[in-house]
Amino acid sequence: MHGLFRWSGKWWPGVIPLVIFWAIAAWTSTEPLEADLAQRSTAALKDTILDKRRISVAGRDVTLAADAFSEDGRQSAVASVEAVPGVRLVDDETRLVPEAKPFVWSAERDVLRVTLSGSSPLPAIRGRLIEAARANLGGVEVVDRMNLSRGAPPRFDNAALLLLDQVGKLKDGKITLSDTQVSLSGMARDLGGREAIAAALKNLPEGFSVAANEVKAPPYIFQAYKDPVAVTLTLTGNVPDNTVHAALVAAAGRKFFNEKVVDNLKASVGAPTGFANAVVPALGALSRLSTGTLVVSDREVKLSGDALYEAAANEIRAGLGKDFPPGWQFKPEISVKPAASPVDATVCQQLFSELLGKARIRFESGKADIVADSAGLLDRLIETALRCPTSNIEVSGHTDTDGDEAGNQTLSEKRAQAVADYLIKAGLPAERFSAVGYGSTQPIAGNDTDQGKAQNRRIDFVVK
Amino acid sequence: MAYLTTFYWGWLLGSALLGFAMGWISVVQHGEGVSRTLRWWLSALVVALIAAALTRVVPGRFGYWLDLGLIMFAFYLCGCVIGAWLRAWVVSRTAPSA
Numbered sequence: 087m088h089g090l091f092r093w094s095g096k097w098w099p100g101v102i103p104l105v106i107f108w109a110i111a112a113w114t115s116t117e118p119l120e121a122d123l124a125q126r127s128t129a130a131l132k133d134t135i136l137d138k139r140r141i142s143v144a145g146r147d148v149t150l151a152a153d154a155f156s157e158d159g160r161q162s163a164v165a166s167v168e169a170v171p172g173v174r175l176v177d178d179e180t181r182l183v184p185e186a187k188p189f190v191w192s193a194e195r196d197v198l199r200v201t202l203s204g205s206s207p208l209p210a211i212r213g214r215l216i217e218a219a220r221a222n223l224g225g226v227e228v229v230d231r232m233n234l235s236r237g238a239p240p241r242f243d244n245a246a247l248l249l250l251d252q253v254g255k256l257k258d259g260k261i262t263l264s265d266t267q268v269s270l271s272g273m274a275r276d277l278g279g280r281e282a283i284a285a286a287l288k289n290l291p292e293g294f295s296v297a298a299n300e301v302k303a304p305p306y307i308f309q310a311y312k313d314p315v316a317v318t319l320t321l322t323g324n325v326p327d328n329t330v331h332a333a334l335v336a337a338a339g340r341k342f343f344n345e346k347v348v349d350n351l352k353a354s355v356g357a358p359t360g361f362a363n364a365v366v367p368a369l370g371a372l373s374r375l376s377t378g379t380l381v382v383s384d385r386e387v388k389l390s391g392d393a394l395y396e397a398a399a400n401e402i403r404a405g406l407g408k409d410f411p412p413g414w415q416f417k418p419e420i421s422v423k424p425a426a427s428p429v430d431a432t433v434c435q436q437l438f439s440e441l442l443g444k445a446r447i448r449f450e451s452g453k454a455d456i457v458a459d460s461a462g463l464l465d466r467l468i469e470t471a472l473r474c475p476t477s478n479i480e481v482s483g484h485t486d487t488d489g490d491e492a493g494n495q496t497l498s499e500k501r502a503q504a505v506a507d508y509l510i511k512a513g514l515p516a517e518r519f520s521a522v523g524y525g526s527t528q529p530i531a532g533n534d535t536d537q538g539k540a541q542n543r544r545i546d547f548v549v550k
Numbered sequence: 392m393a394y395l396t397t398f399y400w401g402w403l404l405g406s407a408l409l410g411f412a413m414g415w416i417s418v419v420q421h422g423e424g425v426s427r428t429l430r431w432w433l434s435a436l437v438v439a440l441i442a443a444a445l446t447r448v449v450p451g452r453f454g455y456w457l458d459l460g461l462i463m464f465a466f467y468l469c470g471c472v473i474g475a476w477l478r479a480w481v482v483s484r485t486a487p488s489a
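Each protein sequence line maps, in turn, to chains A and B. Position one of the first sequence corresponds to residue 87 (our numbering), numbered consecutively onward. Position one of the second sequence corresponds to residue 392 (our numbering), numbered consecutively onward.
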């Protein structure tokens, strides 16, 4: 042992080549060592969720800078790097991602792009949201302005994905998720989009609720144009379903006896309540105009055109709105068609016959109440009567042979009187009209067929 | 340490062989070697460096170079001890017959 101590005094000169060895080793090994440690540290953090991760190695000391999403995650990240073989010290520059309170996320859509902003809880969820936005909104640019924050409510990702689905149904607008409260505003892309969104929101994950849904639907439009030149009635726009569609076309056929109905309607959801109850009387009012347009936009009914005479114009202006369901508005723009030139009695009779040859004044079955569908025909009869102001007119009622003769006689008289009263109420002088009932005594067709009977049930105008 | 030894076994083996050679020579070499005072000073320096390495006060690359140097020095010393022992053993076996 003593010898060893004595000899050791002679070992020191060897330190000089050792230092040279050391210098060469340090020169050649430092960078490979640092690269190796950086790679091992990165691999050790592979399964740890971090944002803005930065690893730098000086010698065997690792500087780890990152944003962690929980205190546990942060500590485990540092511990993972510390456990890497060869690492001497870990300079911990990690911090927790800031907590957002309230946790607000939003998706805003305009014509060109969808902007995702606010907070997202994890990078993976953020990626999924961007991907879902791109998939749902094909072709629209997706702008990511989200930042990462802690404090998201449970099941945030499910709720946000469902809301992104709804963004696809908007033309423009914004959906905001503030903690668990959802607010929506904007305009739905299609008719029914608003309803579809409202229905989808019922599937929000548990705990989430809708604070405000101010999504508007595009206006529900129905239009009817009466073209006096082409003698057509063109129906365009939307109807709620096929039943209403059929009912409207049938009503148009009854009210517009002279015009061909061109049906360009399509069934769409999203109709305002009472749609059919408002549109049918509005079509009735349009049938009384010589030319006109009916535009129904949501609950607003605009009727413009020319009435055949002043009293009809007043009646339409004042009367139509009363027939509408509550909440509906009527905006009449009715003018009066210039009076046609007077004609003599023969022409007048001819005009009456032409009109009554095309359509008949219709009554409730077995009664003397004129049905509303005949208003258009009656207006034309009144207009004709106004053209021959000096002629007296016999309004004659006829029935078929069904029922007893006395009953038919009475009914024919009552119906003739009802028509005469209608004309007088429209402003024609009472002394020009006489109402006569003929029962079934003057048939114009055989009473052995339904068609013949229908022809016999009629009102004739006879110029005297 | 284990990492460094596996990473640089070549350099460490070199250091140990260098130490072995120095140990081998030191047994039969004449002369005083390093003076006692300087030896103490050098030993104190090594102890101070070991303390610095253990307390990890030297940061970054300098810390790594210090660790590397000390490990190489440790292998060198081991080499010296083995070399000196072996040479002493060889000398003691051959001396009586000479």
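The hints are simulated quantities; they were obtained by calculation from the structure and are not laboratory data. As the structure is a computational prediction, the values presented were derived from the model and not from experiment. Backbone N, C-alpha and C fix where the C-beta goes; we use that ideal spot for every residue, glycine too. A couple of the hints might just be wrong.
[Said to hold, decoys possible] Only some residues are given here: those of chain A computed to face chain B with a beta carbon under 7 Å:
id, residue
1, W113
2, T116
3, L175
4, G204
[To be verified] If you want a taste of the chain B side facing chain A, the calculated C-beta under 8 Å gives, among others:
id, residue
5, S417
6, R452
7, G454
8, G460
9, M463
10, F464
11, V472
12, V482
13, R484
Here's how the hints hold up against the structure:
1. W113: violated (10 Å)
2. T116: Since the shortest Cβ distance to chain B is 6 Å, the answer is holds.
3. L175: Nearest chain B Cβ about 6 Å off; hint holds.
4. G204: violated (41 Å)
5. S417: holds (4 Å)
6. R452: holds (4 Å)
7. G454: Hint on G454 (chain B): holds, closest Cβ of chain A at ~5 Å, below 8 Å.
8. G460: holds (5 Å)
9. M463: For M463 (chain B), the interface hint holds, since the closest Cβ of chain A sits about 5 Å away, which is under 8 Å.
10. F464: At 7 Å from the nearest chain A Cβ, F464 (chain B) passes the 8 Å test, so the hint holds.
11. V472: Holds - the Cβ of V472 (chain B) comes within 8 Å of chain A, reaching about 7 Å at its closest.
12. V482: Violated, about 10 Å.
13. R484: At 15 Å from the nearest chain A Cβ, R484 (chain B) fails the 8 Å test, so the hint is violated.
Consistency note: the structure conflicts with the earlier hints numbered 1, 4, 12, 13.
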